[in-house]
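Given the coordinates of chain G, assemble chain C onto it according to the supplied hints.
So the protein sequences, as listed, match chains G and C. Be aware that the first sequence starts at 64, since it is given in the numbering used here, and climbs by one per residue. Be aware that the second sequence starts at 64, since it is given in the numbering used here, and climbs by one per residue.
Source of the hints: derived by calculation from the structure; they are not laboratory data.
Because identical chains cannot be distinguished in the list, a pair is counted as satisfied if it fits within a single copy or across any two copies.
Below 30 Å or equal to it, Euclidean Cα-Cα: the simulated BS3-like pairs (lysine-lysine) are:
1) LYS184 to LYS223
2) LYS178 to LYS139
3) LYS198 to LYS148
4) LYS224 to LYS185
5) LYS131 to LYS224
6) LYS185 to LYS223
7) LYS185 to LYS148
There are 2 protein chains.
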Amino acid sequence: MPRFFMAGTNLLGGMAIMRGRDAEHVRVLRMRPGEELIICDGQGTDYKCRLVSSDKEQAEAEVIEVVKCPAEPSIKVTVLCGLPKGDRTDYIIQKCVEAGAYEIMFFMSDRCVAKPDKPEKKLERWQRIAEEAAKQSGRGIIPQVSWAGDFTQVLDIAVKKDLALFMYETGEREALNAVLDANANASTAAIITGPEGGFAQFEADMAKVCGLHICSMGERILRCETAPVVALTAAMYATGNLS
Amino acid sequence: MPRFFMAGTNLLGGMAIMRGRDAEHVRVLRMRPGEELIICDGQGTDYKCRLVSSDKEQAEAEVIEVVKCPAEPSIKVTVLCGLPKGDRTDYIIQKCVEAGAYEIMFFMSDRCVAKPDKPEKKLERWQRIAEEAAKQSGRGIIPQVSWAGDFTQVLDIAVKKDLALFMYETGEREALNAVLDANANASTAAIITGPEGGFAQFEADMAKVCGLHICSMGERILRCETAPVVALTAAMYATGNLS
Chain G
64 MPRFFMAGTN LLGGMAIMRG RDAEHVRVLR MRPGEELIIC DGQGTDYKCR LVSSDKEQAE
124 AEVIEVVKCP AEPSIKVTVL CGLPKGDRTD YIIQKCVEAG AYEIMFFMSD RCVAKPDKPE
184 KKLERWQRIA EEAAKQSGRG IIPQVSWAGD FTQVLDIAVK KDLALFMYET GEREALNAVL
244 DANANASTAA IITGPEGGFA QFEADMAKVC GLHICSMGER ILRCETAPVV ALTAAMYATG
304 NLS
Chain C
64 MPRFFMAGTN LLGGMAIMRG RDAEHVRVLR MRPGEELIIC DGQGTDYKCR LVSSDKEQAE
124 AEVIEVVKCP AEPSIKVTVL CGLPKGDRTD YIIQKCVEAG AYEIMFFMSD RCVAKPDKPE
184 KKLERWQRIA EEAAKQSGRG IIPQVSWAGD FTQVLDIAVK KDLALFMYET GEREALNAVL
244 DANANASTAA IITGPEGGFA QFEADMAKVC GLHICSMGER ILRCETAPVV ALTAAMYATG
304 NLS
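Chain G with its partners taken away, still in its complex shape (with noise of 0.2 Å):
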């Protein structure tokens, strides 16, 4: 069923007024009276709705339900990504949020090669990518794309969630199965991974001063742009949140 954020839409009286790109992506689609649509708040709930009538100017439909989105996962896993080069952003963005992600932020770390080259004009595009994502994978919000800085504002970040967790390659590490079965509980997690070259030694020394989980993801060595989604997806697994 076609999926539309609030963009340019109202809710009034059981009816919604779709204008803008929401009226002209119904137009796009040829919908007809009568067909059914999702209206979603962005904020977790879906707006059932029959198309009524629609036009170049504005679409109006009939609102028949109104629902707990249920695609949105009980925990909110913030992705915390090490800049890739080239468009590994945008696959990243993409597959973390038909994983789930609740928020993607991207930093500087020791050794990014990437050069965070206008990232104003960047966070547009990402934040489209996410949108496009959303719509696609019937999330109930539209992930934020963000810039989180360097990697102290990183470890900030980190440690105010109920579950921190930091992928490495090397040393002591605690198995990520054995941290993720021991939080099942946690409703708010971050996961951080690193760019290309991983991180260096004195980031993981960091992060687990600043008492994240420092964990390993077994001997296969993920691509920077796997490793979130397969990080992310063990997440959704251990809480419950894909089946």
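The following block gives chain C in isolation, referenced to the frame of chain G:
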């Protein structure tokens, strides 16, 4: 550490003689005598070596240690995917190899829109992608990429595994985590995912009749190239292969 699968390599009395593209690769990496490398036999055994000499024709390395490749999962998962459009195949292969697939197969199902154009030619390219991903992620085998044929052949392959999971988006399904937790000791598994348009109801019915587990991965709708990676990651997590 650079990793090679034994394409043009012979092991003779504690020495590894590398020829052809392996020797070429050593040269391209500008490795110097004394540097270490791993030669994997592609069947789960790693030969840790120290380079002795390298020229245009061949490289010689001394075997220091022979170990079981630590990256191979305890469960052999065959990932079977309805043929998607364009380069989504490449993405599936690369990510599933990283995530620990034993082999990857594509097939035609009712709603496939992609046409299996010159599959022999594609198989060669697909296998190269698998090899690159296996090297990069430190795998002990190069997962085979192959063509499973049509949907009945897929069922035939799946029923021979200890555990056969059919990922489906609608109707009566088992929760993926319940099925995986109840079968954590399986040594072989099949994970079946659909093409862009998903599976037809009759295909799900056939899978059920054949005794496959019809599984849900929650309410988020995953793209056809995301679903196999997420399902495989869940299987790795549940069987203790992600820690």
